[in-house]
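Listed in order, the protein sequences are those of chains V and D.
Take this note's numbering: the final residue in the first sequence is number 419, and no numbers are missing along the way.
Take this note's numbering: the final residue in the second sequence is number 1015, and no numbers are missing along the way.
Be aware that one or more of the hints could be misleading.
Claimed, not checked - Each computed EDC-like pair below joins lysine to aspartate or glutamate, with the alpha-carbon atoms no more than 16 Å apart: (1) D:Lys99 <-> D:Glu339; (2) V:Lys236 <-> V:Glu268; (3) V:Lys8 <-> D:Asp784; (4) V:Lys376 <-> D:Glu190; (5) V:Lys376 <-> D:Glu341; (6) V:Lys220 <-> V:Glu255; (7) V:Lys18 <-> D:Glu83; (8) D:Lys269 <-> V:Asp87; (9) V:Lys14 <-> D:Asp784; (10) V:Lys338 <-> D:Glu339; (11) D:Lys193 <-> D:Glu215; (12) V:Lys374 <-> D:Glu341; (13) V:Lys376 <-> D:Asp342; (14) V:Lys85 <-> D:Glu805; (15) D:Lys269 <-> V:Glu309; (16) D:Lys3 <-> D:Glu91; (17) D:Lys806 <-> V:Glu24; (18) V:Lys338 <-> D:Glu215; (19) V:Lys85 <-> D:Asp271; (20) V:Lys85 <-> D:Glu215; (21) D:Lys733 <-> D:Asp757; (22) V:Lys8 <-> D:Glu341; (23) V:Lys236 <-> V:Glu260; (24) D:Lys449 <-> D:Glu930; (25) D:Lys100 <-> D:Glu215; (26) V:Lys10 <-> D:Asp784.
If you are wondering where the hints come from, they were derived from the structure by calculation, not from laboratory data.
Each chain, written out:
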Amino acid sequence: MEALQVQKVKDEIKETFKKVNLNECLTCGTCSSGCPVTGIPGVEGLDTRKVIRMLAYGMVDEVVDSKFPWVCTQCGRCNIACPMKIDINYLMKKMKSLRDRDKVPGVLHKGTLQVLKSGNNLGIPKDDYLENMIDIGREWAGEEGEELALEGFEGFKTPIDVVGAEYLFFPNSKEVGVDYEDMQWWWKIFHNSGCTWTMPSEGWESVDWGLFTGNDEASKKIAQYKVDNAKKLKVKYIIAPDCGGGSLGFRINYENYFKEELNKAGIELVYLYDVLIRFIKEGRIKVDKSRHPDPVTYHDPCKHGRELERLYGKPYYDEARWILDQCCESFIEAYPCKINNYCCGGGGGAWAGPYNDEKIAYGRMKAQQYSEAKAKGAKVIVTSCSNCRDMFMKAIVPHYKLDMEVKYIWQVVAEAMVL
Amino acid sequence: MDKSSIAGSVMVVGGGIAGIQAALDLADTGFYVHMVEKSPAIGGVMAALDKTFPTNDCSMCILSPKLVECGRHTNINLMTLTEIESISGEEGNFTVKLKKHPRYVDMDKCVGCGVCAQKCPKKVPNEYNQGLNKRKAIYVPYAQAVPLKYTIDRKACIYFKMIDAGKKGRCNACVKFCENDAINFDDQEEIIKVQVGSIILAPGFACFDPSIFPEYSYQSFPNVVTSMDFERILGATGPSEGHLVRMSDHKEPKKIAWLQCVGSRNINKCDRAYCSAVCCMYAIKEAVIAKEHSQEPLDAAIFYMDMRTYGKDFEAYYNRAEKEMGIRFIRCRIHTIDEVEDNNLRIRYVQEDGTVKEEIFDMVVLSVGLEPSKDAIELAKKTGIELDQYGFARTSSFKPVATSVPGIYAAGAFQGPKDIPYSVMEASAGAAASSTFLAPARGTLTKTKEFPPERDVSEQEPRVGVFVCNCGINIGGFLNVPEVVKFAKTLPNVVYVEDNLFTCSQDTQDKMAEVIKEQVLNRVVVAACSPRTHEVLFQETMLNSGLNKYLFEMANIRNHCSWVHQSERDDATEKAKDMVAMAVAKVALLKPLQPISIGLTPGALVVGGGVAGMVSGLTMADQGFKVDIVEKKDRLGGHALKVRKSFKGEEVAPYVAELVQRVTEHENITVHLSAELESVHGFVGNFESTLSTGAKIEHGVVVVASGAGSSDTREYLYGQNPNVLKWFELDEKIENDPASIKAARSAVFIQCVGSRDDQRPYCSKICCTHAIKNAIELKELNPDMDVYVLYRDIRTYGMLEEIYEKARRMGILFIRYDLKNKPEVKEVNGKLEVTVTDPILGRPVVIEPDFITLSTAIVPKGTEKVAQMLKVPINTDKFFVEAHAKLRPVDFATDGVFLCGLAHYPKPIDESIAQAQAAAIRAMAVLTQEAITMEPIVATMIDREACRGCGLCVALCPYNALDIEETDEGRKVKLITAACKGCGVCAATCYRHAITINSFSDEQFGSQIKARFGA
């Protein structure tokens, strides 16, 4: 095999290495042992430890040119266990950032540019967006005919730019543009909770494409849209997007740049779990367990769980289980779970990225997890991130023939609602 | 300070093995010891271990005699349930305020019968067994506890719970059933003040709690246990009585994994950057013992980062475990443990080439690290001593047991993670250091032991008592003890037989003394374990009951029956019966003997003038003993002259210079340079040595500190290219030619050059640290230099790990290689080129260094000659062999000869110094005696007329203990009793049957043979 010459690295990279503890690596293998990417085909035999070792030899270009940082879902599983506390997640994001923008895989960079240009990654024009949202609201409210009406939408009007609303909600362009029916559950919950809420007319994209491509500047700008909207609309709460990357990207920028100004404006950042729990606990909505007789299991999205715990000390594990306990008759845990859970395989932009075979191979860990839960009786996989849900519904369940249903947690709540 | 105000007493805080050793050493050298232990009994962690590495000795078996000795030493005042409140005063005269917690049991009345605990209705988790089973609210911590006195756990006790809740106390079960009225609910906390001259802190360590790692699920998965839990699972007195079972279903595991470095070498979620120094060895030991315990062919796998088997005989133990026992060693740290069906545990790991494996284990053992205990940190606050960043006592390399407060010393794992032998060494070192200032007050506070007058039994018919020990389940689990008891009752002269759970425990010993009196026994047989460890203990009981201690015999039915015939219960029982019959036959014929007392020369001969030799010499000379130091070279200093800095960065040369000056100027020390030991005659207390210079020296003890050197090599172009250096040559280069370092672009270190290979299988222990220390220095002198360390396992054990971490942080690159795939060094166009394969990337790395430093092995030099002269053993690696690897690390089996420094095994300077101090105090235990008391089991002339003076015995005696003299009756053999070791060669040789060995006569042997085979 070709001999390797140790290379000098640029000072800027050296600084990053120092910041993330890279030199402290003991090559112990903890990261790779816990990483679903290890051993999958299509990544030139690389694994996390090898990548870190390459960087230790100064082989930055090789890593930047490799597929690895893009197949890595930045799930943070390595970070929590690395005995030398190397911030591998940050390192991978940095490696992504060093890729020439015209060589960013698939649509990721184009998507980012689109968000920055139009406020959403599909480039849906404002007029189309407004028209669609209002039309859908009318349809579901039954104003376009009985056959389009949905239960629980009586008197519904799509709230856009409602100044002074309690909650600010960001939709996902995938739902706005394609899977619009997926919006019904949140809308139903809000509508029946008696709260006031709104979606913005501009800069509404929930997903953080800057985070996906290692583009901190874009990430900050996307967060800025959300902050501006919140201030403009004088809301009480911003709901962190369900999309894991979207919520974490926003949280990071919130902590780094916006916390103070939002506090001053009296605007609080809440997570979807907080909202659902509040609605149930305050009796604003009523749920009935018997609507979900089938045993459910749960997938902890990395960026609502492990990454929040690692970075900010507060994950949402038990909250999700509490909500399910209100809405379902039986719950079966799939191990490993909570901080130890495996990523769905679509995190960190991987779902939107082009490496399908790798994604599927990554998902073998999930297939193992859920087939074990299924053997114990679980029939439905519930999660609370749009990426995770798509990974399961569109990739893992069909590919690994799991024959299980996949639902959002708010879908479970909406379905359990007694009106 | 006025010498008359110096107190001749020392306080030892902590009753673990370190505290016990320090207390015994001080009490044996003329100081009164106050031993303070916060729990109800001494013994510490060692009392909870199953076996110990690398000898696989049963931990309790080797500890128990020391516990008992400590418990009944006339000059040790044992204070349990006691803590330090405050300290005032200064070295020589401290006042210590102690708080003694109530035991609620009167120690004078409690006989340890255990009825109270049987009747007590309240069960709580048993700390001794890691909470894996229950104990009662009134309890003793463990079966062999010293003192064997019950304690009420107030927090658990039903009576006290009601009292503490302001109600009337109910229950009283213990009060009702205690026949001795020993329960005292009115017991109160006491404040006691004690004056001492110095203080030794040995409060030990705590085990790291792995609950903080959610990925290991220690709290929630029943079959994930810690290494300490596992010790108890293996232990005979553990929750499963020594049966290897897992906790979920009590079934025997077929597959166990050990995960190393749990809470060590980890800065994520915990601040434990250091290495815990003992876990690699204890994990191997646990795996070895588990395999031995297992009925199934157990699959044992150890997941690790670096295998740190750096100590004496450790590497051989590791090799044996891997190659002979088939233990799997897998170089990977584990990310997560997943529980699967049947509470089995799934581990996914990556091999070095990147391939992933998944295995299901029945059990996972977390090899948890050592950390400072909260109590120890509190103690440090009260005493005002400095701690390091983790909370271990801060000491310097040159004063390894001295804390920041003069007169207060630290020993054992309180000073940093370490194994038992090194804790014992440090404890002895602490005893030596703490007593130097107090030497003028030696003997002022000590008491002498009084025994009841000896009963004259010479005219009586033998009345033999037989005590059969179950040794927990060590014996009782493998042979039929009741049948042995029944059989013993049928033997001639036997008037009393009983069996005991642990014959060696203090309560049994006290009871035995009573039985001897009640039954008017005049001979005793104990059928238990080895006389090597336990005979002295039982003999003292004989003395306590007014019997001559030589009217005693042991049958080792543990080692010879239950251990070696584990799966042949019936045959083992038969053999035990035979051995008991033989012991009974012999004991009836034994005669009372009186110890031999001989005067001694209160001086020491130290072989070797290196740091170890000088420190041990100075320690003895400072306490007033005459010392002769013999050094082969023409200057003092030894190996340390090659070393520039300690790992903590202290300059070695000024320290050595100061030592040399002190030694040279010391009024009690004579230095013999360019001199070698030519011959040694005599025995403990009375040696006479001749040096190559012709000097003759009389001395009472010998300290061997003959040092070691560096191995030669022809590898890696050494000797061919001037830029390939040995480790100390780099030291010289840094010292003498810093410009060349500053100009260099790249440097390579190659580790294990001549260590850990077929030819020299041991690890040289200090090379990793030394190389890393120098690598750091290169990087400091020249930050742009690329520095590489090519290694096999980095063995910066304990706090040394700090410099490994520092080196990595500085960007020094560490590349691992295998013995099968060593680095290649070539010369290309006059330039050095090193090729080594990176095991993670599987790719060769080419480095063009300006120079290469080889970490050549540390090799013993000249040990064979010294060994022959002193008749002490050396091992296959030619290092000296101490009396016991674990508990007698600086003694030789030969009385009066002690060992320290590199001649024992390679070690860093702080350990050499501690060991030298330890050897000194052990030697002073001899030198401080008024006379040498010797065992009377020696050759004796029984038929002087029969002796023809043929001289055969004289020629064969290995100890020069016989001579020929011309007498009126002609040539006769003269016995030099003091030199006699009782080996029996003379008696076996003498065809005239003129000589015999006391207690080993032909008649006595004959009776044993008859007892076994019939007349």
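Results for each hint:
1. D:Lys99 <-> D:Glu339: violated, 47 Å
2. V:Lys236 <-> V:Glu268: holds, 6 Å
3. V:Lys8 <-> D:Asp784: holds, 10 Å
4. V:Lys376 <-> D:Glu190: violated, 60 Å
5. V:Lys376 <-> D:Glu341: Holds: Lys376 of chain V and Glu341 of chain D sit about 10 Å apart, inside 16 Å.
6. V:Lys220 <-> V:Glu255: Answer holds: Lys220 of chain V to Glu255 of chain V is near 11 Å, not above 16 Å.
7. V:Lys18 <-> D:Glu83: violated, 46 Å
8. D:Lys269 <-> V:Asp87: Holds, because 13 Å separates the two Cα atoms, which is no more than 16 Å.
9. V:Lys14 <-> D:Asp784: holds, 13 Å
10. V:Lys338 <-> D:Glu339: holds, 14 Å
11. D:Lys193 <-> D:Glu215: violated, 49 Å
12. V:Lys374 <-> D:Glu341: Holds, at about 13 Å.
13. V:Lys376 <-> D:Asp342: At roughly 13 Å apart (the allowed maximum being 16 Å), Asp342 of chain D and Lys376 of chain V satisfy the hint.
14. V:Lys85 <-> D:Glu805: Since the Cα atoms of Lys85 of chain V and Glu805 of chain D sit roughly 13 Å apart, the hinted pair holds (cutoff 16 Å).
15. D:Lys269 <-> V:Glu309: Holds - the C-alpha atoms of Glu309 of chain V and Lys269 of chain D are around 12 Å apart, at most 16 Å.
16. D:Lys3 <-> D:Glu91: With a Cα-Cα distance of about 12 Å, the restraint between Lys3 of chain D and Glu91 of chain D holds, given a limit of 16 Å.
17. D:Lys806 <-> V:Glu24: OK: Lys806 of chain D and Glu24 of chain V at ~9 Å, within 16 Å.
18. V:Lys338 <-> D:Glu215: holds, 10 Å
19. V:Lys85 <-> D:Asp271: Judged against 16 Å, a Cα distance of about 11 Å means the pair holds.
20. V:Lys85 <-> D:Glu215: Cα-Cα ~15 Å, so holds.
21. D:Lys733 <-> D:Asp757: Roughly 28 Å separates the two Cα atoms, so the pair is violated.
22. V:Lys8 <-> D:Glu341: violated, 50 Å
23. V:Lys236 <-> V:Glu260: holds, 15 Å
24. D:Lys449 <-> D:Glu930: Holds, at roughly 15 Å.
25. D:Lys100 <-> D:Glu215: Between Lys100 of chain D and Glu215 of chain D the Cα gap is close to 42 Å, so the pair fails against 16 Å, i.e. violated.
26. V:Lys10 <-> D:Asp784: This hinted pair holds, its Cα atoms lying about 13 Å apart.
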